[in-house]
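Letter by letter, the chains look like this.
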Amino acid sequence: MGHSEEYQKLEGRIFTKSFFILLSVVLLGFYFVGVRYVKGIGAVSNMSDGYPWGIWITYDVATGTAIACGGYAVAILVYIRNRMQYHPMIRSAILTSMFGYGLAGFSVMVDLGRPWNAYNFFIPSKWQANSAMFEVALCVMAYSTVLILEFLPAILTSIEKSKWERMNAIRNWLHPKIAPDKKTMEDKLEMVRLGAAWLNPRLNKVLIFFIVLGITLPTMHQSSLGSLLLIASTKLHPLWHTGFLPLLFLLNCVFIGYSIAILESIISSYSFKRPFEIEELSGLAGLIPFVTVIWLTVVIGDLSYRGQIHAALKGDFYSGWFMTEFLLVACGSLILFVKKCRRSARWLFISASMIVLGGALYRFNVYLIGFNPGQGWKYFPSFAEVMITVGIVALEILGYKVFVALFPVLPNMDLHGAHKKKGHAKKHKGAEKPLPQTEAHAH
Amino acid sequence: MKKTSRRDFLKLAGATGAGLLACGAGNALANEGLQVNNEELGMLYDATKCVGCKACMSACKRVNSDYGSLSYEKAKFDEDGLWDAPSDLSGSTRTLIKLFKESEKRWSYVKYSCMHCQKPSCVSVCPVSAMTKEKISGIVDYNKNTCIGCRYCQIACPYNIPKFQWEKAVPQIVKCDLCKATNLREKGITACAETCPAGAIKFGKRKDLLEEAHQRLKDAPDKYVAHVYGEHEGGGTNHLYLASMPFNKLGLPEIKPEAPAEFSEKIQHTIYKGFIAPVALYSTLCFIAVKNMKKHKGHDDDHQKGDK
Numbered sequence: 001m002g003h004s005e006e007y008q009k010l011e012g013r014i015f016t017k018s019f020f021i022l023l024s025v026v027l028l029g030f031y032f033v034g035v036r037y038v039k040g041i042g043a044v045s046n047m048s049d050g051y052p053w054g055i056w057i058t059y060d061v062a063t064g065t066a067i068a069c070g071g072y073a074v075a076i077l078v079y080i081r082n083r084m085q086y087h088p089m090i091r092s093a094i095l096t097s098m099f100g101y102g103l104a105g106f107s108v109m110v111d112l113g114r115p116w117n118a119y120n121f122f123i124p125s126k127w128q129a130n131s132a133m134f135e136v137a138l139c140v141m142a143y144s145t146v147l148i149l150e151f152l153p154a155i156l157t158s159i160e161k162s163k164w165e166r167m168n169a170i171r172n173w174l175h176p177k178i179a180p181d182k183k184t185m186e187d188k189l190e191m192v193r194l195g196a197a198w199l200n201p202r203l204n205k206v207l208i209f210f211i212v213l214g215i216t217l218p219t220m221h222q223s224s225l226g227s228l229l230l231i232a233s234t235k236l237h238p239l240w241h242t243g244f245l246p247l248l249f250l251l252n253c254v255f256i257g258y259s260i261a262i263l264e265s266i267i268s269s270y271s272f273k274r275p276f277e278i279e280e281l282s283g284l285a286g287l288i289p290f291v292t293v294i295w296l297t298v299v300i301g302d303l304s305y306r307g308q309i310h311a312a313l314k315g316d317f318y319s320g321w322f323m324t325e326f327l328l329v330a331c332g333s334l335i336l337f338v339k340k341c342r343r344s345a346r347w348l349f350i351s352a353s354m355i356v357l358g359g360a361l362y363r364f365n366v367y368l369i370g371f372n373p374g375q376g377w378k379y380f381p382s383f384a385e386v387m388i389t390v391g392i393v394a395l396e397i398l399g400y401k402v403f404v405a406l407f408p409v410l411p412n413m414d415l416h417g418a419h420k421k422k423g424h425a426k427k428h429k430g431a432e433k434p435l436p437q438t439e440a441h442a443h
Numbered sequence: 001m002k003k004t005s006r007r008d009f010l011k012l013a014g015a016t017g018a019g020l021l022a023c024g025a026g027n028a029l030a031n032e033g034l035q036v037n038n039e040e041l042g043m044l045y046d047a048t049k050c051v052g053c054k055a056c057m058s059a060c061k062r063v064n065s066d067y068g069s070l071s072y073e074k075a076k077f078d079e080d081g082l083w084d085a086p087s088d089l090s091g092s093t094r095t096l097i098k099l100f101k102e103s104e105k106r107w108s109y110v111k112y113s114c115m116h117c118q119k120p121s122c123v124s125v126c127p128v129s130a131m132t133k134e135k136i137s138g139i140v141d142y143n144k145n146t147c148i149g150c151r152y153c154q155i156a157c158p159y160n161i162p163k164f165q166w167e168k169a170v171p172q173i174v175k176c177d178l179c180k181a182t183n184l185r186e187k188g189i190t191a192c193a194e195t196c197p198a199g200a201i202k203f204g205k206r207k208d209l210l211e212e213a214h215q216r217l218k219d220a221p222d223k224y225v226a227h228v229y230g231e232h233e234g235g236g237t238n239h240l241y242l243a244s245m246p247f248n249k250l251g252l253p254e255i256k257p258e259a260p261a262e263f264s265e266k267i268q269h270t271i272y273k274g275f276i277a278p279v280a281l282y283s284t285l286c287f288i289a290v291k292n293m294k295k296h297k298g299h300d301d302d303h304q305k306g307d308k
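Sequences listed follow chains A and B, in order.
Numbering of the first sequence is given in my numbering, commencing with residue 1 and proceeding in unit increments.
Numbering of the second sequence is given in my numbering, commencing with residue 1 and proceeding in unit increments.
Don't read these hints as lab results, they were simulated from the structure.
Be careful, since some hints might not be right.
Straight-line alpha carbon distances no greater than 25 Å define the calculated DSS-like cross-link-like pairs of lysine-lysine that follow [as the list claims (entries may be wrong)]:
| no. | chain 1 | residue 1 | chain 2 | residue 2 |
| --- | --- | --- | --- | --- |
| 1 | B | Lys168 | A | Lys378 |
| 2 | A | Lys39 | B | Lys144 |
| 3 | B | Lys133 | B | Lys256 |
| 4 | A | Lys378 | B | Lys74 |
| 5 | A | Lys205 | B | Lys291 |
| 6 | B | Lys119 | B | Lys54 |
| 7 | A | Lys39 | B | Lys74 |
| 8 | A | Lys378 | B | Lys101 |
| 9 | B | Lys76 | B | Lys202 |
| 10 | B | Lys49 | B | Lys105 |
| 11 | A | Lys39 | B | Lys168 |
| 12 | A | Lys126 | B | Lys135 |
| 13 | B | Lys119 | A | Lys126 |
| 14 | B | Lys144 | A | Lys126 |
| 15 | B | Lys202 | B | Lys133 |
| 16 | A | Lys126 | B | Lys273 |
| 17 | A | Lys378 | B | Lys135 |
| 18 | B | Lys133 | A | Lys126 |
| 19 | B | Lys297 | A | Lys205 |
| 20 | B | Lys133 | B | Lys119 |
| 21 | A | Lys205 | B | Lys295 |
| 22 | A | Lys39 | B | Lys76 |
| 23 | B | Lys180 | A | Lys126 |
| 24 | B | Lys76 | A | Lys378 |
| 25 | A | Lys205 | B | Lys294 |
| 26 | A | Lys378 | B | Lys249 |
Covered by chain B, per the in silico footprint, the following chain A stretches (three or more residues, Cβ under 8 Å) [as the list claims (entries may be wrong)]:
| no. | stretch |
| --- | --- |
| 27 | 33-43 |
| 28 | 47-60 |
| 29 | 129-139 |
| 30 | 210-220 |
| 31 | 226-240 |
| 32 | 309-317 |
Positions of the beta carbon are idealized from the N, C-alpha and C atoms, including for glycine.
Produce the entire structure from the sequences given, and follow the hints as far as they go.
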C-alpha cells in the first residue's frame with residue numbers, strides 16, 4: 001500500500017487572497033464567453049474571414065496542449081524509459097495536463113461557430129479521415145478521458161481515506177431544516193467510500209494500458225497539430241511551411257513537456273514553500289538538449305533542403321520572428337549542456353523558460369505570425385478575446401491549486417528527503433533506483 | 001545503467017524520428033495522382049466582356065437569400081439602406097464584382113465566387129464532411145446541418161472563398177453552390193449566368209468552357225492575357241477566368257498546379273495508412289511498459305524478502 005504515501009496533500013487554506021484574484025479573472029473571462037454566445041463571435045473577437053483562427057486556437061489549443069504535455073513527457077520517461085525515480089513528479093504533471101487539455105477542449109467549444117453539431121464527430125458516416133482536424137479532435141477527446149482515468153487513483157485514494165470533514169462542516173453550516181439527516185448522509189458517504197475502495201485496486205491493475213494509451217494519443221495528435229497547417233501552402237510563410245510540420249510539432253511538444261515539468265516543479269516548490277527537487281530536475285534537464293538538438297537540426301536541414309536559409313537571414317518581419325524562436329530554443333538548450341547550470345534552480349528556471357517560450361513561439365509563428373491570407377487582412381486579438389483566454393488560464397491555475405490541496409498530488413516531502421539522501425549515498429555505486437514504486441502494481 | 005537507458009532513449013527517439021522522416025520522404029512515392037473530370041459543371045467568366053453592372057450579384061441574392069442565408073449589406077454613405085453594397089465576399093454575399101483600375105486606360109472588372117476546385121481543399125479538411133463535392137456535377141456544396149463552425153475550410157481555401165457569419169449567434173459558412181438548390185434545379189443554369197446581359201458569364205461543362213476559352217484566346221490574342229486561369233491552378237478549377245490583365249493583379253493568387261489538398265493528404269495518409277502505425281506504436285509501448293513494470297515487481301519482492 002506504500003505508493004499513496006509517495007504523494008501528499010498540500011497543507012493550508014484553499015480560500016487565499018490569490019484564489020479570489022484568480023476567481024475574479026475567471027469570472028471576467030466567462031462574462032465575455034457569455035457575450036460571445038449571445039451576440040456571436042464577431043462581437044468579442046477580432047477574427048476575420050482572412051484570419052479565421054485567432055488566439056483561441058493558436059494559444060489555447062495549439063500551444064496550450066503542448067504546454068500541457070508535461071504529463072506525456074514525464075510518462076515516457078517513467079514508463080517507457082524506465083526511470084522510476086521520476087515517478088513522484090508524475091501526478092502533478094498529469095494534473096496540469098488534465099486541466100490543459102480539458103480547457104483546450106472548452107475553448108474549442110467557445111471557438112466553434114456551431115458547437116451543437118459537434119456530435120457529428122461520433123457519427124461514422126460523417127467521418128472524414130483526410131482531415132487532420134478530425135484526427136486531432138478524436139485524439140484530444142480520447143486523451144482527455146485517459147488523463148482523467150490516470151488521475152482517478154489520486155481521487156479514489158483520498159475518498160478512501162477521507163473523514164468527510166468538509167462535507168460535515170458544510171452540513172453543519174446549512175440550516176437544520178434543509179440539511180440532510182446525519183445518519184443517512186454518513187451511510188451514503190460510506191457507500192461512496194466502499195465503492196472507491198472497490199474500484200481503486202481494479203483500476204490500478206489495468207492502469208498501465210491507459211497510461212500507454214496516454215503516450216500513444218499525444219504522439220498522434222501533437223504531430224497532427226502540425227499537419228493542420230500543411231494544407232495552407234499558399235498562406236503559410238515558406239520558413240514554416242514544410243512537409244516536416246508533423247515531426248517538428250511532435251519533437252516540439254516533447255521538449256516543451258520536459259521544460260514545463262521543470263518549471264512547474266520549481267514554481268510550485270517556490271510558491272508552496274517546499275524544497276526544490278534538484279536531483280530529479282537536473283536529470284530531466286539533461287534530456288532536453290537531445291530533443292532540442294534533433295529539432296533544431298531538422299529545422300535547419302529542412303530549410304537548406306528547400307533553399308530557404310536566405311529567408312531566415314533576410315532580417316525582415318518573418319525572419320525576425322523565426323530567429324527569435326530559433327535562438328530562444330538554441331540558447332536555452334546551450335545552458336543545459338553545462339552541468340553546473342543543470343544543478344542550479346535559477347539556471348534551470350531560466351533555460352526552461354527560454355525553451356518553453358521559444359517552443360510556444362514556434363507554434364504561434366505557424367498558426368498566426370507566419371500566416372498571411374493575402375493583402376488587406378490584419379489580425380490582432382481584441383481585449384475581450386484575450387480576456388477569454390486569460391480567464392481560461394486562470395481557471396487552470398485555480399483548479400491546480402484546489403486539486404493539490406484536496407488530493408495527494410505533490411511528491412511526499414518526508415519520503416522525498418529520504419530519497420535524496422539515499423540517492424547521494426548510492427551515487428558512487430552508481431546504480432539502484434530509489435523506491436521503484438508504480439501505481440499499477442502497488443497493492 | 002544510465003548509459004543503457006540513454007542509449008535506449010536515443011534508439012526510441014531515432015526510430016520514431018526515422019519513421020516519420022520516412023513518411024515525409026515516402027510521400028513522393030505514394031503519388032495517387034489527380035484525375036481531372038472535364039464533365040463537371042462550371043462557369044467561364046470573361047473579364048473583357050463584363051460591364052460591371054452587378055446584375056449577377058443582385059440575381060444571386062434574390063434567388064439564394066433564403067436558402068443560402070444571404071442578406072443585404074448597407075454602405076456607410078447609404079443611411080436609408082437603398083442599395084445592397086457589399087465591399088467584399090462576406091457572410092451575406094456569395095458573389096461579387098470588383099473593379100481594378102491601374103490607370104484611366106487600363107482597368108478590369110473581376111468577379112469573385114467559389115472556384116469549385118477539382119480537388120477542393122475545403123472538402124479535404126472538413127472534419128465532419130459538411131463540405132462535399134458532388135460526384136457527377138462537381139459542385140462543392142456546404143451543409144450547415146453538419147457544420148461545426150471550426151472554419152478550417154477558411155484556413156485551407158487558397159482563394160479565401162468560404163465566409164463566416166461573424167456577427168450572428170447562429171452562424172454558418174457562406175459560399176457559392178452553383179445555385180444547386182435554387183436556380184440550377186429550376187432552370188438548369190446559375191442565376192448569375194442567366195442574368196448577365198453582356199454574356200460575360202458562360203455556364204456549362206468544363207470541357208466546353210475550356211474549348212470556348214481557348215477559342216477566344218486564339219481569335220483575339222491581343223485582347224487577353226494568354227492564360228486560362230483555373231485550367232491548372234491548384235489541380236484545376238471548374239470556375240475559369242479570362243482577362244486582359246495579369247490575374248494576380250485582379251486578386252486571383254498564383255497557385256501551383258499541384259492541389260494543396262494532395263500534398264497534405266499524402267502525408268496524412270502515409271502516417272495513418274490502415275491505422276497500422278498507431279496500433280504498432282501502442283503495442284510496442286505496451287510491451288516495453290509492462291516489461292519495465294515486471295522488472296520492478298521483481299525488485300520489490302527481493303526487497304521485501306530482504307526485509308524479512
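Cross-check of the supplied hints:
1. With a C-alpha separation of about 21 Å, the suggested pair Lys168(B) and Lys378(A) falls inside the 25 Å cut-off, and the hint holds.
2. Distance restraint check for Lys39(A) and Lys144(B): the Cα-Cα separation of roughly 19 Å lies within the 25 Å cut-off, and the hinted pair is therefore satisfied.
3. Between Lys133(B) and Lys256(B) the CA atoms are separated by roughly 21 Å; this keeps the pair inside 25 Å, and the hint holds.
4. A hinted pair counts as satisfied when its Cα atoms are at most 25 Å apart, and Lys378(A) with Lys74(B) qualifies at roughly 23 Å.
5. With a CA separation close to 14 Å, the supplied pair Lys205(A) and Lys291(B) stays within the 25 Å bound.
6. Restraint check for Lys119(B) and Lys54(B): not satisfied, since their Cα atoms lie roughly 29 Å apart, outside the 25 Å limit.
7. A threshold of 25 Å between alpha carbons decides the hint, and for Lys39(A) with Lys74(B) the separation of about 20 Å falls inside it, so the pair holds.
8. For the proposed pair Lys378(A) and Lys101(B), the alpha carbon gap of about 23 Å is at most 25 Å, so the pair holds.
9. Of the supplied pair hints, the one linking Lys76(B) and Lys202(B) is violated, its CA atoms being roughly 33 Å apart against a limit of 25 Å.
10. Annotation: proposed proximity of Lys49(B) to Lys105(B) holds, straight-line Cα distance about 16 Å (limit 25 Å).
11. Distance hint between Lys39(A) and Lys168(B) is fulfilled; the C-alpha atoms sit about 6 Å from each other, no more than 25 Å.
12. Pair hint Lys126(A) plus Lys135(B) holds up; C-alpha atoms about 17 Å apart against a cutoff of 25 Å.
13. Proximity of Lys119(B) to Lys126(A) is assessed by CA-CA distance (about 19 Å); at most 25 Å being required, the pair is judged to hold.
14. Distance restraint check for Lys144(B) and Lys126(A): the Cα-Cα separation of roughly 13 Å lies within the 25 Å cut-off, and the hinted pair is therefore satisfied.
15. For the given pair, Lys202(B) sits about 21 Å from Lys133(B) by alpha-carbon distance, which is consistent with the 25 Å threshold.
16. With a C-alpha separation of about 19 Å, the suggested pair Lys126(A) and Lys273(B) falls inside the 25 Å cut-off, and the hint holds.
17. In summary, the hint linking Lys378(A) to Lys135(B) is not supported, as the alpha carbons are separated by about 37 Å, beyond the 25 Å threshold.
18. Under the criterion of a C-alpha separation no larger than 25 Å, the hint pairing Lys133(B) with Lys126(A) is consistent with the structure, at around 14 Å.
19. Pair hint Lys297(B) plus Lys205(A) holds up; C-alpha atoms about 13 Å apart against a cutoff of 25 Å.
20. The suggested pairing of Lys133(B) with Lys119(B) holds, with an alpha-carbon distance near 9 Å, which does not exceed 25 Å.
21. At most 25 Å may separate the alpha-carbon atoms for a hinted pair to count; Lys205(A) and Lys295(B) meet this at roughly 16 Å.
22. A hinted pair counts as satisfied when its Cα atoms are at most 25 Å apart, and Lys39(A) with Lys76(B) qualifies at roughly 22 Å.
23. A threshold of 25 Å between alpha carbons decides the hint, and for Lys180(B) with Lys126(A) the separation of about 21 Å falls inside it, so the pair holds.
24. A C-alpha spacing of about 21 Å is found between Lys76(B) and Lys378(A), which places the hinted pair at or below 25 Å, so the restraint holds.
25. Of the supplied pair hints, the one linking Lys205(A) and Lys294(B) holds, its CA atoms being roughly 12 Å apart against a limit of 25 Å.
26. Distance restraint check for Lys378(A) and Lys249(B): the Cα-Cα separation of roughly 20 Å lies within the 25 Å cut-off, and the hinted pair is therefore satisfied.
27. With 7 residues bearing a CB less than 8 Å from a CB of chain B, the stretch 33-43 of chain A meets the requirement of three and the coverage assertion stands.
28. Counting residues of the stretch 47-60 of chain A whose beta-carbon sits less than 8 Å from any beta-carbon of chain B gives 6, enough to reach three: the coverage restraint holds.
29. For the stretch 129-139 of chain A, the stated coverage by chain B is satisfied: 8 residues place a CB nearer than 8 Å to a CB of that chain, which reaches the threshold of 3.
30. Counting residues of the stretch 210-220 of chain A whose CB lies closer than 8 Å to any CB of chain B gives 7, so the stated coverage by that chain holds, three being the minimum.
31. For the stretch 226-240 of chain A, the assignment as covered by chain B holds, since 9 residues bring a beta-carbon within under 8 Å of that chain's beta-carbons and 3 suffice.
32. Using a Cβ-Cβ cut-off of 8 Å, 0 residues of the stretch 309-317 of chain A lie near chain B, which falls short of the minimum of three, so the contact claim is violated.
Figure legend: structure checked against the earlier numbered hints; hints not met, in rising order: 6, 9, 17, 32.
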